[in-house]
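So the protein sequences, as listed, match chains H and G. Residue numbers are given in my numbering: position 173 of the first sequence equals residue 173, and the series is strictly consecutive. Residue numbers are given in my numbering: position 154 of the second sequence equals residue 483, and the series is strictly consecutive.
I should point out that these hints are in silico values taken from the structure, not numbers from a laboratory. Just so you know, not all the hints are guaranteed correct.
In silico BS3-like pairs for lysine-lysine, Cα to Cα no more than 27 Å straight-line [to be verified]:
{"hint": "1", "chain 1": "H", "residue 1": "Lys181", "chain 2": "G", "residue 2": "Lys398"}
{"hint": "2", "chain 1": "H", "residue 1": "Lys181", "chain 2": "H", "residue 2": "Lys191"}
{"hint": "3", "chain 1": "H", "residue 1": "Lys181", "chain 2": "G", "residue 2": "Lys530"}
{"hint": "4", "chain 1": "G", "residue 1": "Lys398", "chain 2": "G", "residue 2": "Lys409"}
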Amino acid sequence: MAFAIEFFLRRIGQGLVIVLLVAFVIFTLLRIVPGDPIRIILGPMTPASVLEETARNLGLRDPILVQFGRFVTQVASGDLGRSFIRGVQGGSTGGSQDSAGFDPESRASVAELIGTALPYSLQLAALGIVFTLLVSVPLGLAAGLRSGRWPDRLGLYVSSFLVSLPNIWVGVVLIFLLSAKTGLLPAIGYKGFAYTIIPAMVLAIELSPVLIRAISVSVAANLGETYFDVGLVRGLSRRAMIARHVLRNAAVPLFNLFGAQMIGMLLGGLFVVEYIFSYPGLGMLTINAVFQRDFPIIQAVAILASGVLVAINMLVDFASTTIDRRLKF
Amino acid sequence: MNSSTAQATLPKSSQPTRGRGVTARILRRAWSYTEMRVAASVFLALALLTMLGPFIIDASATKMNVTDKFLPPLFMEGGKLPHFLGTDQLGRDLLLRSLIGLRNAFAIGVVSVIGMFVIGCAIGIYAGYRGGWVDVILMRLTDVQMSIPVVILAITILGMSRPSPASVIAVLILASWPVYARVSRGVTLSERQKEYVRAAKILGASDLRIMVRHIAPNILPPIAFVAVLDIARMMIFEAIFGFIGIGIQPPTPTFGTIISSGTQYLLNAWWITIVPGVLLALALSSLNLMGGVLERARNQILQGGA
Chain H
1 MAFAIEFFLR
11 RIGQGLVIVL
21 LVAFVIFTLL
31 RIVPGDPIRI
41 ILGPMTPASV
51 LEETARNLGL
61 RDPILVQFGR
71 FVTQVASGDL
81 GRSFIRGVQG
91 GSTGGSQDSA
101 GFDPESRASV
111 AELIGTALPY
121 SLQLAALGIV
131 FTLLVSVPLG
141 LAAGLRSGRW
151 PDRLGLYVSS
161 FLVSLPNIWV
171 GVVLIFLLSA
181 KTGLLPAIGY
191 KGFAYTIIPA
201 MVLAIELSPV
211 LIRAISVSVA
221 ANLGETYFDV
231 GLVRGLSRRA
241 MIARHVLRNA
251 AVPLFNLFGA
261 QMIGMLLGGL
271 FVVEYIFSYP
281 GLGMLTINAV
291 FQRDFPIIQA
301 VAILASGVLV
311 AINMLVDFAS
321 TTIDRRLKF
Chain G
330 MNSSTAQATL
340 PKSSQPTRGR
350 GVTARILRRA
360 WSYTEMRVAA
370 SVFLALALLT
380 MLGPFIIDAS
390 ATKMNVTDKF
400 LPPLFMEGGK
410 LPHFLGTDQL
420 GRDLLLRSLI
430 GLRNAFAIGV
440 VSVIGMFVIG
450 CAIGIYAGYR
460 GGWVDVILMR
470 LTDVQMSIPV
480 VILAITILGM
490 SRPSPASVIA
500 VLILASWPVY
510 ARVSRGVTLS
520 ERQKEYVRAA
530 KILGASDLRI
540 MVRHIAPNIL
550 PPIAFVAVLD
560 IARMMIFEAI
570 FGFIGIGIQP
580 PTPTFGTIIS
590 SGTQYLLNAW
600 WITIVPGVLL
610 ALALSSLNLM
620 GGVLERARNQ
630 ILQGGA
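Excised from the complex, chain G in its bound form (with noise of 0.2 Å):
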């Protein structure tokens, strides 16, 4: 289909609610916020501190050192190059840990959206666009996940196996695709009444076609823009997931066991768990307030309101 001539000729009733440039438009309101500006600065400037950092810090994340063990942050009296942040209880450099967890954390918070996002949506086109009984049992299906509590399906799974990555990213996609196929099904109920999803149909297109071709484009991009929300979300579960011991396992960082571990040195070396802490909130914090700026600009452009 292409949409700018058919926008062009059709009477407006007739064409699809949400046209290519909409996107555009939201992306363009989105960065009009002072906020989105700043949060995509912070993010921009962990992610390539998370790129370059094993390059400059000349330290292990892995390699213990006893002589340097239970060092203090460098703005502590007592901090020692080139451990910025300090060590922890087996002298590892703790930025380095925490950036290499942030990547992981992000990784898996990236794929497990991808996932839950493709999955999801697709259930929920097909479910809006047959409806009926696959309708009915898809939608019934959304409701018994919906009902099991994420911690309690990810500690069944997962503590019983030795987590891996996929494994967790697995878990979390099973735990979350109920939300996307819930929305998408609602919408696709919508956009499968209008025009030129009838004109496709009178010109001969597959159902295939037209959901994978028409409706899924239409439909799709204000939905992925509330998934960066949901990236912040897995990133949480996965530290959750490793602090119970449930995540991926040692010796790979990852924030949850980072924090786990410096728990029991509280009192004397307490900037083994919170700063790390620190630089995760952070990255959190630029992620959701992209996200939540984003979904306001989508809300204005779609419905001219707050």
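With the rest of the complex left out, here is chain H (with noise of 0.2 Å):
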């Protein structure tokens, strides 16, 4: 209990340095690369000193540093910020009819906004895993049990094949095939369970090739351990040592594989499939947010997935320092 404790308070402080500093990092870029939001709130007839005064009255004409400093404090104390374009209603204001003046208490609260598309996201990404898991475990058992064998080949094909489908065009050929030329599946927008099918199959074919190789590597490399073999001349059964021994010591490294890796690359693809489908998720809104030049939603956002990120990392350390003690942190 007392490993316990240690272990998170520790890495819990060194992932809240981490996440400040992605922060601090999207803050600044987002503040350096070319773009004025003010142009798009207020629209492009606004004259430039009315530009100027709203630009300064959101505080935008500051350091930077300053910026940031205020932007931090405001979401130690629970609060995102609102939107600069979205409209309370939902949809996009800006334009013209805001000329007069920039009225922050008529946008939307990002933290509603984000709290509307969460559950999308995460409903996506959870089918994702389950086909990933579908796919990537039979494979990459077989490849890692029978290796140097015909398994072990099929699943290098399989996974080289499946890793060279760009998400996109998979997304564009599944929506051809079972939506437009079949009308198997729904595919554009959401209007019920049935439209995650087709983006989790996409999630499925980045995430499984990555998971097969995994898998088969490392169930491989534990075959060829000694104690495999003694268990063996103990007189277990192959299919009980494989069972009780094989499996879980193959988990460790794939534990960090997935904290590692697969969860960058299925925050990665949710942002892409969800651009594809327009599947109103997390992805959709920060990808629009990105081109109407939105601050808050991007920042809040950028904040939230590399805490995932560091959240994850530090509960698969966890597991794996539990699953095998000899990994003491």
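Can you join these two chains into the complex? Each is in its own frame, and there are hints to help.
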């Protein structure tokens, strides 16, 4: 128990520093890359004096460090701010109706926007992971248990092939085959659970090759270890050794992979897939926000995404030290 | 350092783990796989097609031609020479556009991988060799960098400015150097203890010379083999950027823009989207298969196992 508390205290501290730095990087990037949000908020016909005044009111002309300090205090008190563009009623406002002035109160709160989008993304991610596991666990295990033989080669081919399919293209092909041509499944937008299936398939195609490889390598490596042969010599059946020992030991590197790589890939994949399918999740929200220079949304999502990555890495490290006590932190 | 005489006279424990001959052995082992030869042939064929295509095909990749728009590929009814893979909504030849897209994507992939390899490994070797607070700071930096999803970073930077090939490459390098830094740092940590490094130090070699002339040549080739896989990954990112509209801008053809423009005509002219993608997937498969085999061969030679 003391171990767990010490572990989490230490890692949460490190994690907070990382999230803070990530927030700072994104925050600074947004402000040094060209593209002025004020012009989009107020529309192209606004006189320069009004633009300047609104920018100053929003604090966008202060030094970046001052802005960042204000932002961090605001976030620390639990307020993610309000969107520049999106109205309380949903949908984008902006443009000429605001040219008289900008009223932040008429804008949707970022926390609410994220709260609405997040469940959709989680649902897509969960189904994507289920599909990924359905494909990769059988293939990866077969390849690992028959290292050097045909299932192993099959695993290499399948993963080399799947990893070569760009998700944007797979998405469009699946829309064409399963939706446009045959009408089996709905594809664009979201009007019910069925709209999640094709996007989740695209995610699975993107994630499976990494997992197939990792499972087969990890299982094959464990079969080569001495403890496996020792178990056989002591009279345990091959099946029992695999079920009770090999799979458990092989899971440790897999957990690490899941944290370090898969979740990052999953997040990136979600963004792209949601964009392809106009799926109303976080990715769609963020990509639209980028095109509209909606800083508060982008910042909040970046913090959220890196926070999730850091937290998952922490849990994964904890899980693998619990499974295998040799790996003390 | 003359590695062949050093290896002949020094006891085994003081040799560098990976001599020059290892690279050749890995390549030879990889070449013994049928998969490697098939993939290399496909890749070579595509490369030739990319270089010669524009001279052989009597059509234009960018000039619009209203009378010849929406022509299907030759293998379908209604196909017409010289448009082997048909034309798009503006009557531009799809094969030519795909070939140019392939060339650009490959160039971006290779340049960005070289960039992230050089920068990442330089930082990794430096961190691993120096150790101490330099190491701590550089490695925490990779933590931060790796906690920003690539796509968020890319759309933040590229979505705001008008993207050029150079800025696309810069973003790819920025997003991916930490992986190389981590790996090369790990290997350097163990390499630093080896006798050949201490010997070089006793002989008065400077730190820079040890890192560049002794450690780097020993540890980099095995990492470079895996970099082949990253070329394919970067090509996919390039396509994604083009699709979202934050990649190389029209009229230069890229796979992303070809695929996204075709989605509007999916029902009547599906080939605009689907056929170029097949070409891209073929190129990427050959690269990935070569990379996969090289990785296997490397693991077999270095660890003596799979």
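Each hint, compared with the structure:
no., hint, in the structure
1, H:Lys181 with G:Lys398, "holds (22 Å)"
2, H:Lys181 with H:Lys191, "holds (20 Å)"
3, H:Lys181 with G:Lys530, "violated (69 Å)"
4, G:Lys398 with G:Lys409, "holds (11 Å)"
In summary, the structure is inconsistent with hint 3 from the numbered list given earlier, while agreeing with all the others.
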